[in-house]
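Residues per chain, in single letters:
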Amino acid sequence: MQTKSDKIMIRLENVMRVYKVGVERIHALDGLSLELRENEYVAVMGPSGSGKSTLMNVLGCLDQVTSGCYELDGENTTGMSDAALARVRNERIGFVFQSFELLSRSSALKNVEMPLIYSRNGWWSRRKRATQMLHRVGLGDRIRHRPNQLSGGEKQRVAIARALICSPSILLADEPTGNLDSKTSEDILALFDQLHAEGQTIILVTHEESVAKHANRIIRMKDGRIFTDLPAAEDQARRLELTGVLGKVTK
Amino acid sequence: MKAVLAIPLAFLRLFYQSIYLALGQIWANKMRSVLTTLGIVIGVASVTAVIAALTGLKAKILTQVETLGTNTIFISPRVPERGRRQHAGWWQMRFRPEQMDGLLEHCPSVAALSRVGGVGWRTVKYGEQSVDRVEVQGIEPDFHKIEHRPVVLGRVFSPIDDMQVRQVCLIDSKLRDKLRLDRDCIGETIRIGYHAFRIAGVIESRPQMNFGESSQERYELFIPFKTLEKLGDPSMWAMATGKSAETLEEAQAEIKFFLRRTRGIRPGEPDTFRVESLQSALDTFNKISVIVTMVAGGIVGISLLVGGVGIMNIMLVSVSERTREIGLRKAVGAKRSAILTQFMIESVTLCFVGGLVGVGFGQLLTMAIANIPQVKLDLAHIPLWAIGLSFSFAGFVGIVFGMVPAIKAAQLDPIEALRHE
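Residue numbers (our numbering), protein chains in the order written: chain A, 23 to 273; chain B, 628 to 1048.
Please keep in mind that the hints were generated in silico from the structure rather than gathered at the bench. Relax, there's no trap hidden among the hints.
Using 27 Å as the maximum straight-line C-alpha spacing, the simulated DSSO-like pairs for lysine-lysine come out as follows:
# : chain 1 : residue 1 : chain 2 : residue 2
1 : B       : K687      : B       : K914
2 : B       : K805      : B       : K857
3 : B       : K772      : B       : K801
4 : B       : K657      : A       : K132
5 : B       : K1035     : A       : K132
6 : A       : K42       : B       : K1035
7 : B       : K657      : B       : K1035
8 : B       : K883      : B       : K853
9 : A       : K235      : A       : K29
Let the sequences and hints guide you as you build the complete structure.
Laid out in structure tokens, this is it:
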């Protein structure tokens, strides 16, 4: 089912992201290198403060690296102007947030077509494309509904439709199931699986192992560095092994 | 070719995107938008109404002045502001009739001259009828060449009336009605004090000049200038016309020269009289009316500024309320310029719509003012330039006061904005 491609979608090389808090310098990303190929499905895990969010912001071109190099889809984004970064976000990146971030006064359709308003040539076809996209995520009958008339799962579907409307190179999801119950979470994750099967590159940040299971590559972070970076099966095996050891110790 | 078109196309895209978003936002917050623009509406309405009223006042005065003729020169005595006669009494400075003798021969640019004398208000009687407060004025025959007040019945004064000091009079048509005289009253005799006067003609009433106090009617009675001396010591002034509008200045200069000689003013001393034409009075009036319009417009313009502050306040609230939304828009690819223009267009649109509604209200106010009978501002209307001015000022207010919130929105960091509670 997977179309293996060798095209490198993301390349991070020795990336540092340093914040200054007072006189203290915090290394949120501390010399991190990473390569992602097309149609990979990656889960990023780690305790809070491990640099996951910073990594997501950097990958999503919301934040600039302090040093190092970030190549997205073969294009170096480091040192790009604000306007150029906005364009990259618009055309290459789709965001899905934990709290959906829908415009409460606008219909599902308006929410989905919003990125096209800022795009170069999507303006005139925005209604058609947004309708198609809503059908694709299974909300064909909810087009005119406002967010407060939708369930949590439906809201997240709208948000996913919005993220995909510009056919982005990568889909960045930051705890997409964090605000949903487990049943709805499974539905959303099934949608991600489906998108992955259709060839979408997905990066997903999560705390939950059950969510991470859906990915085929799991990156665990600690102190701004990659702690482990393994295919899902190996990662699973290691985790079981570790819990086994831990179980023995606690016994 | 593509590269040349790219920049204007990008601008166009930015523009329609922003208008679309701004209108959507205004529509989504209808109530708030209405309240926000109220300040602008009231400001523009009062600016246009004030300007309309002043325009009406000016038009009214101008039409009345024009019926008198702008070619007329008024000559009146004056106490000088400096020189040895600056403390002289008004009575000392009065004209004597003989000071004007021979003026026409010495002033080639002057076509006609009439001495006009007044003895104040008198009581006029006809039979049992009596009218108080009648303005009795003595005029010379040339008066009819200068003042455009037709004698509707009877005859005008002739030089013989003056030479023979006849006791004849021209009666104002309103006074005729007030005295309950016959419509054709020529030859009837009326009394001013103990003097009897035969009516020689009926002169058209002067158009109402006074504003507001229409209850106080003015009645006029004209008698030959020489005859006036019988009624008392007149205070005197004079009217003249120039031969043409072009030589009006020359005529005034000639009269000044002549009067300085006959009134014995030494070189270097200031004039003890005033020579004015309606044209110069009109110029002064125009200047004053421009100043008054500017001052009134400026004062009312302050209310527009207050409206602008209201707009800024609401826009700032809107920016902080929509921080997350702005963060999201940036995350999905809105450039700073797009956010900036969206908020700018929002405030400018609010101001323009406010201006439009304001001009409408101003028109209603103007119609209301024009229809109050006592105020006599029936010529009040909003001039086009006032509409343009209000609009551009409203737009200016929108840009200036929308600038700060829009810049604030555009400068938001998307990560911070998305974390905002």
